[in-house]
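Engineer: The lines below spell out each chain.
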Amino acid sequence: MVARTHEPGLKQAHFRTAGLPTLLLLPQLLILLFFFFIPSVRALMQAFLLADPFGATVHFVWLDNFKALFRSESYRNSVWVTIWFTLAQNVLTIVVALVLAFATDRVVRFQAAYKGIILLPYAIAPVIAGVIWAFLFNPSVGPIAFFLKSLGVAWDPNRNGWDAMLLVVLAASWKHICYDYIFLVAGLLAVPKSLMEAAAVDGAGPVKRFFQIALPLLGPTLFFLTTMNFVYGFFETFAIIDAVTHGGPAGATNILVYKVYQDGFVNLDLGSSAAQSVLLMTFALLLTLLQFKYVERKVNYSI
Amino acid sequence: MLSLKAQAAAGVLALCLSGAAMAEPVEVQWWHAMTGVNGERVDELVKKFNESNEQYKVVAVNKGNYDEVINSTIAAYRAKRPPHIVQIYERGFMTMLLSDAIVPAQDLMEKAGYKIDWNDFIKPVAGFYSYKGRLAAMPFNSSSPILFYNKDQFQKAGFDKPAQTWGEFEKQLYAIKKSGAAECGTALATDYHWSLIENYSAINDQPYATKANGYNGLDTEFVYNKTLVVPQVARLKRWLDDGVLKIAGQGFSPEQLFTSGTCATYFASTAAHSGIEKNAKIAWSATFLPWEEGREPKNSTIGGAALWVIKGHKPEEEKAVAAFFDFLAKPETQLWWHKATGYVPLTNKAYELAKSQGYYKESPTREIAILQLNRGTPSENSLGFHFGNFTQAMFAQREEVEALFAGKKDAQQAMDDAVKRGNEILRQYERLNKGKY
Numbered sequence: 001m002v003a004r005t006h007e008p009g010l011k012q013a014h015f016r017t018a019g020l021p022t023l024l025l026l027p028q029l030l031i032l033l034f035f036f037f038i039p040s041v042r043a044l045m046q047a048f049l050l051a052d053p054f055g056a057t058v059h060f061v062w063l064d065n066f067k068a069l070f071r072s073e074s075y076r077n078s079v080w081v082t083i084w085f086t087l088a089q090n091v092l093t094i095v096v097a098l099v100l101a102f103a104t105d106r107v108v109r110f111q112a113a114y115k116g117i118i119l120l121p122y123a124i125a126p127v128i129a130g131v132i133w134a135f136l137f138n139p140s141v142g143p144i145a146f147f148l149k150s151l152g153v154a155w156d157p158n159r160n161g162w163d164a165m166l167l168v169v170l171a172a173s174w175k176h177i178c179y180d181y182i183f184l185v186a187g188l189l190a191v192p193k194s195l196m197e198a199a200a201v202d203g204a205g206p207v208k209r210f211f212q213i214a215l216p217l218l219g220p221t222l223f224f225l226t227t228m229n230f231v232y233g234f235f236e237t238f239a240i241i242d243a244v245t246h247g248g249p250a251g252a253t254n255i256l257v258y259k260v261y262q263d264g265f266v267n268l269d270l271g272s273s274a275a276q277s278v279l280l281m282t283f284a285l286l287l288t289l290l291q292f293k294y295v296e297r298k299v300n301y302s303i
Numbered sequence: 001m002l003s004l005k006a007q008a009a010a011g012v013l014a015l016c017l018s019g020a021a022m023a024e025p026v027e028v029q030w031w032h033a034m035t036g037v038n039g040e041r042v043d044e045l046v047k048k049f050n051e052s053n054e055q056y057k058v059v060a061v062n063k064g065n066y067d068e069v070i071n072s073t074i075a076a077y078r079a080k081r082p083p084h085i086v087q088i089y090e091r092g093f094m095t096m097l098l099s100d101a102i103v104p105a106q107d108l109m110e111k112a113g114y115k116i117d118w119n120d121f122i123k124p125v126a127g128f129y130s131y132k133g134r135l136a137a138m139p140f141n142s143s144s145p146i147l148f149y150n151k152d153q154f155q156k157a158g159f160d161k162p163a164q165t166w167g168e169f170e171k172q173l174y175a176i177k178k179s180g181a182a183e184c185g186t187a188l189a190t191d192y193h194w195s196l197i198e199n200y201s202a203i204n205d206q207p208y209a210t211k212a213n214g215y216n217g218l219d220t221e222f223v224y225n226k227t228l229v230v231p232q233v234a235r236l237k238r239w240l241d242d243g244v245l246k247i248a249g250q251g252f253s254p255e256q257l258f259t260s261g262t263c264a265t266y267f268a269s270t271a272a273h274s275g276i277e278k279n280a281k282i283a284w285s286a287t288f289l290p291w292e293e294g295r296e297p298k299n300s301t302i303g304g305a306a307l308w309v310i311k312g313h314k315p316e317e318e319k320a321v322a323a324f325f326d327f328l329a330k331p332e333t334q335l336w337w338h339k340a341t342g343y344v345p346l347t348n349k350a351y352e353l354a355k356s357q358g359y360y361k362e363s364p365t366r367e368i369a370i371l372q373l374n375r376g377t378p379s380e381n382s383l384g385f386h387f388g389n390f391t392q393a394m395f396a397q398r399e400e401v402e403a404l405f406a407g408k409k410d411a412q413q414a415m416d417d418a419v420k421r422g423n424e425i426l427r428q429y430e431r432l433n434k435g436k437y
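Heads up: the sequence lines are chains A and B, in that order. Quick note: the first sequence uses UniProt numbering, first residue 1, plus one each step. Quick note: the second sequence uses UniProt numbering, first residue 1, plus one each step.
The reader is advised that the hints may include incorrect statements.
[What the hints assert, rightly or not] Taking lysine to any residue pairs in the SDA-like style, the calculated list, with each CA pair at most 25 Å apart, reads: (1) B:237 - A:74; (2) B:237 - A:141; (3) B:409 - A:73; (4) B:48 - B:315; (5) B:281 - B:367; (6) B:278 - A:135; (7) B:171 - B:160; (8) B:311 - A:265; (9) B:48 - B:348; (10) B:408 - A:72; (11) B:408 - A:80; (12) B:48 - B:115; (13) B:80 - A:56; (14) B:434 - A:57.
The hints are simulated quantities; they were obtained by calculation from the structure and are not laboratory data.
Chain B with its partners taken away, still in its complex shape (with noise of 0.2 Å):
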């Protein structure tokens, strides 16, 4: 039995804290990593949603790169405090699905009596998303390596635009150097594992590990040691001792390299368009990336992050979690996103109004990576990338490739030992996680 002033005390505290519940909407945390141009854009996005709506507030918080975002939610869940919504990159998929961390997404909005038409995303989309068929988490911001050009530098070696495929575009490469239209021919993206090496293994379907790349188990083993991969890192050596192609280094930006006109190409993201936009004086546009002469090629795959929701909030917050994410999957949300930052629209609705309007008349490079994405039937190589610790398998592939670069191993060599290290890497996620997927 509580005495009479406890009991007071609580009415008094019960009733403020229904007071507050209907004058206070309900608040979520959202953790990203979006910085710069794209980081104002989050911002606007995050106001556009809390100033439609009176129950639910998001409040976005920048934490860094997308491997501090990571860890900051990690070091967060461990400590039980946890924000409702954070946003990881594709290479963690693996990472948060079997982290028992999570609530799928699709659950999330089937619980809160929402009905979103998934089969209306875009295919390699949903598809790399998915576990067993449902979505695991909200895809958010999407892209796709894409090929951007100086026209000017082109014009002046005489093409009219970067070839379609690797042979002729390295010798346009040679060629642009060597009549002095540019100073070098390409800047090597910081990402470039992911659009030189990844992707050109999709597009050019070649077998990267086995299991369909990871997709259909986890005693998955690399095996681009075996494929074209390895002449394709042997180029970009290549390119690097004749000069045509550039390294920008620690704490300069290879878009620079780019924008500045001292290179003639650069492999980028299709995120990359705002900050091109901005700062490039040059004229320039963009097409799709080269293939093999002689293949078929398939689809690219995607980069960026998705959004997932991490469990063990109220049932009020995950009910706004699951509003906000019906406002991003409208159409009209989607667009206004890939008009404000060059990422891809994730609906098949999305990219239909853009269409609608006229928009890829006035923007044609921003329809490239949707093209791409789309490219033909995916086969098993071009689905996409699910490894368990796949940041770690990545980086001990640069550092191999590092090593290529500076001549202490022959490209066959440091393919196969990124593959062996990469391996030892897969069993030990394999170890910790067997019978979970």
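Extracted from the complex, chain A is given alone in its bound form (with noise of 0.2 Å):
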């Protein structure tokens, strides 16, 4: 600890006693408290109990509503879709926004307007942006399904599950760009202009200068962003599921967040609903760790 005090910059303590930046903290501490700590410890001993929605009857019933989880193939089918939706969908954000921030990084005339054109879909509600892309690609109305089906592609997103896998990857990726793209900017904006100087004059071209240059720097932001992404396609992008296909057709696109609300908010079937959310934030949780113990190590935080 002694040694820490020494380091330069944001690592330095700058609160010399505990008074002041608990003070500071307690706002945050108890809005956890009310919308977090207390719901989860309640979720955590629903998980163990059998009860009847109006709270009538309850029984204890230990891990069984777990057991019914493990031996239930939806559950497993649900815990499939969410890995490949939350892939897919962080891979295709991030690709995307990197393109486009390294184009408006390159453009000179009209920045500012292209920048504001690509933040736009951020300022539409989720269940909007849904229904705007489950129209788009309705096989009965959609002028995109049309087009589709012009050029002889058996597009249906109602019965065929690929299909809608991938419309709401493409929905929750379009919505989610933005996001990213604003960080990107900012951290394309923190390389330094000298190095890419020094490195045109070198000879490096654009293409060799964003992947040597550019891409290394932005490193934290992209571990950053990629964090967000498995956060936002774990727990966010619930309402475009819900507009687009509500999980379906079969289960195809029912990741786990929208299998929690079916079964406990529809379904009523509250112990199962608890369980299943109990261990949702188990996975959330291991995969944030995984990522700072692993992919934290790789990201180079100095400039």
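Taking the hints as your guide, dock the two standalone chains into a single complex.
Structural biologist: Printed below as a string of structure tokens:
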């Protein structure tokens, strides 16, 4: 600990006593207490119960809810769906956002206008975004679906699970690209011009400069975004799934967070729903820990 | 001994309260799930009641769809601030009945001194909402699925109207598509499990589950994987593959596929009348659901919802609820509601009144559901469906039908899996509610 006080920059401790930082943290801690810790504990308790939704009859069933989940084919399916969905969404979002950030960093004229347009989807509520995509690709009325059909593609997300999956991945990524884009544009602005100029003088073209200089310097940003994208894919895509597919067809897009909602709030199976939310939280925690343990090491924070 | 100040304060408070009670009617909350045209009708209905008396006032609040209403009710009940009346769909019957959260409607009416002739209620409705011979909930919006069709498109393909049997009807749909009279034969309704599977089962007298479809005990088991339901879902898959059946998909109403003339027929609740009358620019009519050839068709079963009274309210508020129910049961109210929405009239008196006014001569399609509900003598297979966790079991069935539609399973496999999953859900309910039914 003693050695740390000599570290420069942000890692240096600015507070000498515990009083002020505690006070500053208190509002946030209170919010966490009421909206995270208390509900989490209650969910954990509920996960061991078989209960009437009205609370009239409650049986303590030990791990039965969890056992039932591991036996359940639809739950295993949901785990796979979530993994595929989150990975695909993550890769697509980052790649497209990177290309866009790189491109807008390169253009000179109307840069602000391009940036504004790219940021627009972020201003649209997820449900509305979902409805737009569902409509565009609806096989009965959607213009893009008609176009695909005219090309001879048998497009039908209402029947075909892969089509439905593709559609929600597109919708979820489209909604989130702008978020990643903001961070990447900021990251590119922080790349020292002198480095770039030196590389240019040495004869490196723009693509080479991007891969050899800009990309490594964007490491921390990319790492942060990957984590955020996972959290987004796990939890915040709920509204899009709800609007585009309702988790169907046949569970093909039924990601874990949507299944929690469906089993708990539509089917009123509170015990199973609580067990699922406990598992989901554990997954998310494990994933984040893994990322910090293994991916963060490869990230270079010093400039 | 209270201090003088406190006594005076209490006195003033009591005065205020009694004064308020005299001036203000007793107010009760009613949470419902009616939206669109039917939601406007609910507001009119409540307005009629509130204007008809000075003692009581009903406040109707839309809480979203049926799922959202039951959820809000559960949340409010657990927070000890429930509304007085809630509208719960027929699938939630067992959940509400064994919830220990309700006052049975018949008890409430008797306690408040109202005499309602429950025997006058039409049988499939009263039978469905009864438990041990007494009404548990006040029937409100009851419906049954019927077959809407496009008259011009049938004529163009050379038919007067849809055939009565499934075999002939299927040939018609294929002919309509082939002749180009319509782009598709029928649009798959959102609640097809109700019209094309459950009611199909009842009308063709097929057992859906043991123990008279759950009427005789919680230890009931689904058996529809061994009945005509299997070829029925296989037929739907065939239609879908041949483009005779269309799925509208998320965010787009299948009703629009019918009212816009894309599809020639539409299996839907009789309550779809109000929407179709408003939106359709086509020449349409309606008829009974088809049945399998060589069978004596039984009655169809009901859908829709009933009004449940949540317990724990003041006696005068319960009286207000009773007064409102009494108003609802009146033949005039029933008739008005039937005409305004398309839901069936709940009492024979209201039905007779409609007939005597010649209502069905001008709107013959409004009578189909009632005739279909009252057709023949109900068998154990056509009484209705009393299953615990029924929403959950239905959801599992729908997922399996989707797997069939996607070509991942064949009809037999899909129904076997649906029954297996459904039975696990029933066992969970039995375990929770043992000895209560």
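Engineer: Confirm or reject each hint.
Structural biologist: Right, here's what the structure says about each hint:
Our distance criterion of 25 Å between C-alpha atoms is met by residue 237 of chain B and residue 74 of chain A, whose separation comes to about 22 Å. As the CA atoms of residue 237 of chain B and residue 141 of chain A are separated by approximately 21 Å, the hinted pair is consistent with the 25 Å bound. The suggested pairing of residue 409 of chain B with residue 73 of chain A holds, with an alpha-carbon distance near 14 Å, which does not exceed 25 Å. For the hint linking residue 48 of chain B to residue 315 of chain B, the alpha-carbon distance of about 23 Å falls within 25 Å, and the restraint holds.
A hinted pair counts as satisfied when its Cα atoms are at most 25 Å apart, and residue 281 of chain B with residue 367 of chain B qualifies at roughly 22 Å. Among the hinted pairs, residue 278 of chain B with residue 135 of chain A is consistent with the structure: their alpha-carbon atoms are about 23 Å apart, no more than 25 Å. The suggested pairing of residue 171 of chain B with residue 160 of chain B holds, with an alpha-carbon distance near 14 Å, which does not exceed 25 Å. For the proposed pair residue 311 of chain B and residue 265 of chain A, the alpha carbon gap of about 22 Å is at most 25 Å, so the pair holds.
Our distance criterion of 25 Å between C-alpha atoms is met by residue 48 of chain B and residue 348 of chain B, whose separation comes to about 22 Å. Only pairs whose Cα atoms come within 25 Å are accepted, and residue 408 of chain B paired with residue 72 of chain A is accepted, the gap being roughly 18 Å. A distance of roughly 17 Å separates the Cα atoms of residue 408 of chain B and residue 80 of chain A; the hinted pair therefore holds under the 25 Å criterion. A hinted pair counts as satisfied when its Cα atoms are at most 25 Å apart, and residue 48 of chain B with residue 115 of chain B qualifies at roughly 21 Å.
Of the supplied pair hints, the one linking residue 80 of chain B and residue 56 of chain A holds, its CA atoms being roughly 13 Å apart against a limit of 25 Å. For the hint pairing residue 434 of chain B with residue 57 of chain A, the CA-to-CA distance comes to about 10 Å; that is within 25 Å, so the pair holds.
When each numbered hint is compared with the structure, no violation occurs for any of them.
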